[in-house]
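Number of protein chains: 2
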Amino acid sequence: MKIDKSLMAGSTGMLILHLLAEKEMYGYEMIETLEKRSDNTFSLKAGTLYPLLHSLEKAGYVSSREAEAENGRMRKYYSITDEGTGFLEGKKSEWSLFSGAVNKVLEGESCV
Amino acid sequence: MKIDKSLMAGSTGMLILHLLAEKEMYGYEMIETLEKRSDNTFSLKAGTLYPLLHSLEKAGYVSSREAEAENGRMRKYYSITDEGTGFLEGKKSEWSLFSGAVNKVLEGESCV
DNA sequence: ATATTATATATCGATAATCTATATATGTCA
DNA sequence: TGACATATATAGATTATCGATATATAATAT
Chain A
1 MKIDKSLMAG STGMLILHLL AEKEMYGYEM IETLEKRSDN TFSLKAGTLY PLLHSLEKAG
61 YVSSREAEAE NGRMRKYYSI TDEGTGFLEG KKSEWSLFSG AVNKVLEGES CV
Chain B
1001 MKIDKSLMAG STGMLILHLL AEKEMYGYEM IETLEKRSDN TFSLKAGTLY PLLHSLEKAG
1061 YVSSREAEAE NGRMRKYYSI TDEGTGFLEG KKSEWSLFSG AVNKVLEGES CV
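Protein sequence lines correspond, in order, to chains A and B.
In this text, residue positions in the first sequence follow my numbering: the first is 1, and each later residue adds one.
In this text, residue positions in the second sequence follow my numbering: the first is 1001, and each later residue adds one.
Treat the hints loosely; a few may be bogus.
To spell it out: a stretch of chain A is covered by chain B in this simulated footprint if at least three of its residues, at any positions, have a beta carbon under 8 Å from a beta carbon of chain B; those stretches are [what the hints assert, rightly or not]:
1) 1-11
2) 54-63
3) 68-81
4) 85-99
Source of the hints: derived by calculation from the structure; they are not laboratory data.
For each residue, glycine too, the CB sits at the ideal point set by N, CA and C.
Build out the structure end to end from the sequences listed, making use of the hints.
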């Protein structure tokens, strides 16, 4: 099943920052990692990722460096900053609260 | 905590249809019900809900009737249609798949 | 040799869903 | 009478996604 793009909205930044909290990565690697880890549920598009990385960098949540890979290709490696780590924690709490609330509504836990 | 609006995007229609699958409701009632059930996490805005109801009706997923309430006020009551019920089932599967995939990424279940 | 595919980054325009602000109208309570 | 809650509605701004397109190199297949 293909996930509607509006469902993705709002959580992509969190997912990217989470990957970078584990290790330094380059853009293309992030797309592949997300696809693998989600069992092909996510297929983040390059046209979404690169502008997002630029805005995260502009916001100070990630930093980048260019380096040559073993195969001789140039890659742009991104790392999460301290500020980004704090932002990520907030986003994770928000996700937890949000998904919990959706499930509450769906499960019909109404009668408080 | 206030939930970012882009996180809400994509799930609002599902939540509304889920409420209508339980019983007929009018707009204002849906806003209050969502707020209660989510422990004040959701506060769907009227400016979001009414256009959404109109588009759901146009799509054939809900039908409406106007009726006078006990207090003499006019209300517009919405019901889910058979087509809407089918659409809702699909949306619930999508939500389940999506939220599961997000949690997989966050939990780092990578090594397949 | 040459063509295709995969890798790698980037930008632009279209689409879609949210919000805020605003408008209208009625019922309730002080 | 005035303030607030109820009830529906529309317009404009914002924002995040996508598809399409562009560029360039490495790896593979024909």
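* Asked: Are there three or more residues in the stretch 68-81 of chain A whose C-beta lies closer than 8 Å to some C-beta of chain B?
  -> violated (count 0)
* Counting residues of the stretch 54-63 of chain A whose CB is closer than 8 Å to a CB in chain B, do you get three or more? -> violated (count 0)
* Given that the stretch 1-11 of chain A was listed as covered by chain B, double-check it with a C-beta distance under 8 Å for 3 or more residues. => Three-residue rule met by the stretch 1-11 of chain A, so holds; n is 10.
* Are there three or more residues in the stretch 85-99 of chain A whose C-beta lies closer than 8 Å to some C-beta of chain B? -> holds (count 7)
The structure fails hints 2, 3 (numbered hints given earlier, in ascending order).
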